[in-house]
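Visitor: Here is how the chains run, residue by residue.
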Amino acid sequence: AQSVTQPDIHITVSEGASLELRCNYSYGATPYLFWYVQSPGQGLQLLLKYFSGDTLVQGIKGFEAEFKRSQSSFNLRKPSVHWSDAAEYFCAVIPNDYKLSFGAGTTVTVRA
Amino acid sequence: KAGVTQTPRYLIKTRGQQVTLSCSPISGHRSVSWYQQTPGQGLQFLFEYFSETQRNKGNFPGRFSGRQFSNSRSEMNVSTLELGDSALYLCASSSGIDQETQYFGPGTRLLVL
Numbered sequence: 001a002q003s004v005t006q007p008d009i010h011i012t013v014s015e016g017a018s019l020e021l022r023c024n025y026s027y028g029a030t031p032y033l034f035w036y037v038q039s040p041g042q043g044l045q046l047l048l049k050y051f052s053g054d055t056l057v058q059g060i061k062g063f064e065a066e067f068k069r070s071q072s073s074f075n076l077r078k079p080s081v082h083w084s085d086a087a088e089y090f091c092a093v094i095p096n097d098y099k100l101s102f103g104a105g106t107t108v109t110v111r112a
Numbered sequence: 001k002a003g004v005t006q007t008p009r010y011l012i013k014t015r016g017q018q019v020t021l022s023c024s025p026i027s028g029h030r031s032v033s034w035y036q037q038t039p040g041q042g043l044q045f046l047f048e049y050f051s052e053t054q055r056n057k058g059n060f061p062g063r064f065s066g067r068q069f070s071n072s073r074s075e076m077n078v079s080t081l082e083l084g085d086s087a088l089y090l091c092a093s094s095s096g097i098d099q100e101t102q103y104f105g106p107g108t109r110l111l112v113l
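Residue numbers (this note's numbering), protein chains in the order written: chain A, 1 to 112; chain B, 1 to 113.
Please keep in mind that the hints were generated in silico from the structure rather than gathered at the bench.
Mixed in with the good hints, there may be bad ones.
Stated by the list, open to error - Cβ pair distances, simulated, as ranges:
#, chain 1, residue 1, chain 2, residue 2, range
1, B, Ile12, A, Asn96, 13 to 21 Å
2, B, Gln18, A, Ile11, 35 to 43 Å
3, B, Leu113, A, Gly53, 45 to 53 Å
For clarity, every value in this text was computed on a predicted model and none was experimentally measured.
Ideal Cβ positions, reconstructed from N, Cα and C, are used throughout, including at glycine.
Isolated chain B (complex conformation) (with noise of 0.2 Å):
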């Protein structure tokens, strides 16, 4: 099976612009976890999909946002960029049901100037 993937894998974008970053599950996983990494802060959990639904959402500001396909592919946006923003993006996929292990892709580096 192809693993968890991420695009894209680097970005430059100034302050106060959107971003968009996509994450495409293993195949046959429903759901979708997105978590943020900074040298700061370490790794934060931003909010999960299951089946097209926000299931579960981190503590972090309404620019930040997502959503989930019916292919189950997924994509996050940041709205408003700040230089807090700029972190590597991880996306993990896991079947769904009963706390099951999340596999991890390569993340999305993000770097606001």
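Only chain A is shown next, with the shape it has when bound in the complex (with noise of 0.2 Å):
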């Protein structure tokens, strides 16, 4: 069944510290790919988003994300975390008619 995987529901990180939020899809062809962030309450804001290219990509907020096809992922990182970063991060998919499908979602806590 065609899905996004987000394994990690929760994660804890230290301010200062890197922070990696992992993803896997598993889609025929590889879909447009993107990375959103929630925080309490509020709507979803686009991190990034990978359609081709260069399979490093950097988006708002210092965050960064590389495509690995052969391991059909899509994991976003952040050298050093703040305490604004603390929200809930959702990876999805469009695989080629315009809906997006969505992870789980991963919920991240910073502890100063």
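Two chains, two frames, a set of hints: combine them into the complex.
Guide: Below, the structure written as structure tokens:
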């Protein structure tokens, strides 16, 4: 079945430490890939996207993601986390039909 | 450019009632998609409208319907509300051409009592 998997439900990281959020997808062809962030009670904000080309994608707020076709992965990274990065992060794909399919999300807690 | 706007932001209804939510897309965008977000089911696609036509539909009962106007504004309607319809309803807009990025509004939080 086609799916998007975020293996980590919850991650706790210290402020200033690095962060990596995992995302794997299962589709026949490489879909369009996205990372969104959602603060409590808010809508979704686009962090970055991958359509084609360079497999290392830079986004807003210091985030980057790397697309690895061989692993069907699109992991999100940030070298140094700030307290304001505490939020829920969603990996999403559009296979070929304009419908975003989301992973279950990863909640990030930042400790001082 | 102004972002995607949704009204109202909060709603409280009782079972059996109906509700209409509104979404105004980013200027120039012709596609509007609707998603339901709940703690149990996560983010689920409801439907997408492009140039006043429903182009895609998710797996929701017929109680959930929508429409799009000539100015690309969209409404979604839920009839005969059930407790399980309590959710955050998110609207997203895009150009609608070639799988472009979808930009989300702040959502409407619906509570059904």
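Visitor: Please check whether Leu113/B and Gly53/A have a Cβ separation lying inside 45 to 53 Å.
Guide: With Cβ atoms ~50 Å apart, the hint holds.
Visitor: Are Ile12/B and Asn96/A spaced within 13 to 21 Å by their CB atoms?
Guide: Given range 13 to 21 Å: violated, Cβ gap about 39 Å.
Visitor: Return holds or violated for the Cβ distance of Gln18/B and Ile11/A against the range 35 to 43 Å.
Guide: This hint holds: roughly 40 Å between Cβ atoms.
Checked against the numbered hints given earlier, this structure breaks only hint 1.
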